[in-house]
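Participant: The listed protein sequences derive, respectively, from chains U and E.
So that you can map any letter, position 448 of the first sequence is 449 in our numbering, and since no number is skipped, the others follow by simple counting.
So that you can map any letter, position 34 of the second sequence is 45 in our numbering, and since no number is skipped, the others follow by simple counting.
If you're looking for bench data, these hints aren't it; they were derived computationally from the structure.
Honestly, I wouldn't trust all of these hints.
Simulated DEER-style distance windows between Cβ atoms [as the list claims (entries may be wrong)]: (1) Q605(U) to L21(E): 19 to 29 angstroms; (2) D107(E) to L598(U): 16 to 26 angstroms; (3) A566(U) to L21(E): 57 to 67 angstroms; (4) L606(U) to L21(E): 18 to 28 angstroms.
Not the full set, but computed from the structure, chain U residues with beta-carbon under 7 angstroms of chain E [as the list claims (entries may be wrong)]: (5) T211; (6) T583; (7) G584; (8) R585; (9) V590; (10) Y591.
Which stretches of chain E does chain U cover? Using the computed rule of at least three CB atoms under 8 angstroms from a CB of chain U, they are [said to hold, decoys possible]: (11) 28 to 34; (12) 102 to 108.
Owing to the predicted nature of the structure, the values given are computational and were not obtained by experimental measurement.
Cβ atoms here follow ideal geometry from the backbone N, Cα and C, with glycine treated the same way.
Below are the chains, spelled out letter by letter.
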Amino acid sequence: MDLSLLLPLLVPAMPFAAFVILAIVPPIRRTGRGAGALSIAAIAVSFVAAVIVWHSGFVGERTWGWIPADGGPIATVGVMVDPISNAMLVLVTLVSLLVQIYSLAYLSNERPGALGRYYTYQSLFVFSMLGLVLAPGFLQMFVFWELVGLCSYLLIGFWYDRPAAARAAVKAFWITKLGDLGFIIGIVLLWSATGTFEFSELFERAEANTLAVPGLAVIMFLIYLGAVGKSAQFPLHVWLPDAMEGPTPVSALIHAATMVTAGVFLVTRAEPLFALVPEVMAVIAWVGAFTALLAATMACVEGDIKRVLAYSTVSQLGYMMAAAGAGATPAGFLHLLTHGLFKALLFLAAGAVIHAVGTNDMFRMGGLFRAMPHTAIVFLIGTLALAGVPPLAGFYSKEAVLGGVWQAHLTGPFLMLALTALLTAFYMFRAVFLTFFGRAHAGGHPHEAPWLMRGPLWLLAVLTVVAGIRLAMSGAEAHEATPGWLPPFSVGLALFGFVLALAMYQRGVIDPARVARALAPLDYLARRRYGLDALYAGLYRGLILGFSRVIGWIDRYFVDGILNALTALTLRAGDSLRHIQTGRAQDYVYGVAFGVLLLFVWAQLWRR
Amino acid sequence: MIGLSSYLVLAALVFSIGLFGVLTRRNAVGILLGIELMLNAVNINLVAFARFHGDLTGLIFTLFTIAITVVEVAVGLAIVIAIFRVWRTVDADRLDLLRG
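Take the sequences, apply the hints, and build the full model.
Facilitator: Structural data, given as structure tokens:
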């Protein structure tokens with residue numbers, strides 16, 4: 002076997018080994034911190050391997066046959082290494098490594114057993130995510146796609162004794178399953194039409210224009226549905242804010258940086274196939290832009306710091322999807338990578354704040370800059386990056402997305418995304434002002450987080466800046482494609498959002514309550530999440546429970562009714578027949594004798 | 012010379028009388044008597060066939076039957092006495108413990 006493929010294999014193998022050890026050797030798992038150390042060591046090796054693979058720019062594929070059948074195996078498993086998966090490998094292993102280190106301090110109050118369980122799930126998640134990234138075909142991708150969904154469920158419900166967490170876990174599981182249903186149907190339809198799951202073969206045929214499959218648009222739309230569920234696109238985005246019930250490091254890793262971007266990764270990976278169906282691409286772009294705007298408005302009225310970040314994640318995922326739908330997959334993917342860095346940073350910083358204050362409610366924080374300057378500074382860096390301020394990473398990727406959408410002549414989505422950019426700056430600075438500035442509301446004595454948490458924060462902050470500077474130096478050719486007025490325009494939007502937030506939440510020039518009154522209908526809708534959660538709950542109660550009730554009635558009164566009638570009839574018949582049994586021996590003898598007589602008669606008359 | 016059929020008719024008659032007794036007598040002892048008659052009808056058959064076929068097997072069988080009949084009557088009467096001790100009656104109509 003080719004040695005150069007050993008490293009890409011090593012990357013997912015390490016967390017898998019850690020998972021297996023933690024899963025089957027309970028004494029190690031129950032040590033808690035020991036389990037964490039093992040998991041961190043494994044992921045550190047993975048990270049180093051991933052960086053080497055990325056640095057070497059290695060491209061290749063190695064597959065093994067899977068599901069043997071007549072005429073060769075139906076599918077393959079293996080690794081497919083190219084620039085996209087290389088970049089994802091580094092992002093996933095880096096964020097996982099930092100999050101796992103951070104978790105050691107963040108979850109230090111957990112029981113050792115629970116901590117061990119946490120790291121077991123974490124290792125399984127990292128393995129699954131890496132397997133998804135390296136998948137050379139749709140089938141392997143789907144298997145790992147489901148595995149990351151499972152890990153998400155397990156980690157959201159990590160504090161399973163809290164009813165809200167348990168409910169959120171189930172909600173996330175079911176709603177993403179709704180999308181996955183489309184995904185698997187799409188995969189199977191594609192397979193039955195083309196006879197293969199392999200990306201390389203499908204792409205070759207797409208390239209050579211020999212992929213004339215009837216109903217390809219429907220198939221690709223179904224596959225896109227999987228991305229809608231996983232990447233929290235409208236209308237299946239409702240699970241992501243609720244997923245914040247999990248521990249904050251989990252939110253940073255799974256629900257900001259890695260798993261939720263799997264949908265974007267899928268569209269990026271299968272871009273040659275999506276390019277064949279422009280109508281589906283248009284749907285992706287419109288839905289993405291709409292999701293971005295919708296989530297941004299909800300983030301503006303949210304008071305829970307983690308939920309603000311969650312809506313922001315939904316919004317930014319919309320950005321990525323819009324770029325992918327506009328045909329600017331590199332831009333969307335770039336935004337995925339930079340967003341993974343600074344959103345993980347923001348979540349971890351928010352986790353440090355929550356750790357110190359003991360509440361998620363921003364209105365009960367305030368004035369924390371003095372108490373925890375490190376956290377405040379890194380949070381500010383993340384905010385600037387997310388708001389799209391040069392020269393931070395977010396500026397370039399966001400501008401690339403906007404430019405790509407503009408280039409594709411999608412004016413509607415472009416306007417929505419531009420408005421979103423403004424709102425992004427607004428709600429992020431709103432969060433900054435409410436949390437770190439203004440009057441202090443926090444009870445107790447908020448303190449700076451331990452170095453185990455500050456280290457990953459600073460590392461991510463530095464990386465956000467460095468990535469931005471590197472993009473600034475290397476991104477000259479990417480800028481040529483975008484119109485010249487775009488950079489000042491997007492910076493202006495960010496600045497306007499900042500000024501608005503400053504005026505409302507810091508200087509007090511504009512009263513937020515008056516703004517809310519002026520935009521009363523919008524405020525009302527956004528606070529109620531546009532009624533989508535209520536709609537789903539209503540649908541669930543009305544449609545599914547109503548249907549179940551009808552089925553239950555039919556079962557109870559119709560199906561059971563037939564059975565009850567039959568049993569009643571049998572009982573009645575038995576009741577009347579039992580009088581034959583007189584209990585007198587003579588009657589029985591009489592019966593026997595009479596029977597024998599009948600036999601004789603029958604033998605004499607008919608058996609001739 | 013009396014033919015085989017005469018014996019068989021006699022046996023059938025005795026069997027029928029016995030069966031009639033078993034079915035109609037109310038007294039348990041009477042029922043036992045009826046059973047005796049039926050068994051003896053069988054014995055008559057056996058002896059008659061043995062005589063007319065010149066085969067001793069039937070006679071030997073008859074001896075066995077007689078011996079077993081004695082045992083059966085002994086057991087039967089013992090049961091009747093046991094029943095009488097418990098129920099103070101040997102009326103077959105009232106012994107309907109197994110009624111449905």
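Participant: The structure should be examined with respect to each hint, and the outcome stated for every one.
Facilitator: Here is how each hint holds up against the structure:
1. Checking the proposed 19 to 29 angstroms range against Q605(U) and L21(E) shows it holds: the Cβ atoms sit about 22 angstroms from each other.
2. Under the hint 16 to 26 angstroms, the C-beta atoms of D107(E) and L598(U), about 24 angstroms apart, fit the expected range.
3. Separated by about 58 angstroms at the C-beta atoms, A566(U) and L21(E) satisfy the suggested range of 57 to 67 angstroms.
4. At about 26 angstroms, the CB distance of L606(U) to L21(E) agrees with the hint of 18 to 28 angstroms.
5. Given hint, T211(U) at the interface with chain E, is violated; its Cβ is 81 angstroms from that chain's nearest Cβ, farther than 7 angstroms.
6. About 6 angstroms separates the beta-carbon of T583(U) from the nearest beta-carbon of chain E, less than 7 angstroms, and the hint is met.
7. Here the hint on G584(U) is kept, as its CB sits about 3 angstroms from the closest CB of chain E, short of 7 angstroms.
8. Checking R585(U) against chain E: minimum C-beta separation of about 5 angstroms stays under 7 angstroms; hint holds.
9. A least Cβ separation of about 6 angstroms between V590(U) and chain E falls short of the 7 angstroms threshold, and the interface hint therefore holds.
10. A distance limit of 7 angstroms between C-beta atoms decides the matter here; for Y591(U) the minimum to chain E is near 5 angstroms, and the interface restraint holds.
11. Evaluation of the coverage hint for the region 28 to 34 of chain E: fulfilled, as 3 residues show C-beta separations to chain U shorter than 8 angstroms, against a requirement of three.
12. With 5 residues bearing a CB less than 8 angstroms from a CB of chain U, the region 102 to 108 of chain E meets the requirement of three and the coverage assertion stands.
Comparing the model with each numbered hint stated earlier shows that hint 5 is the single one that does not hold.
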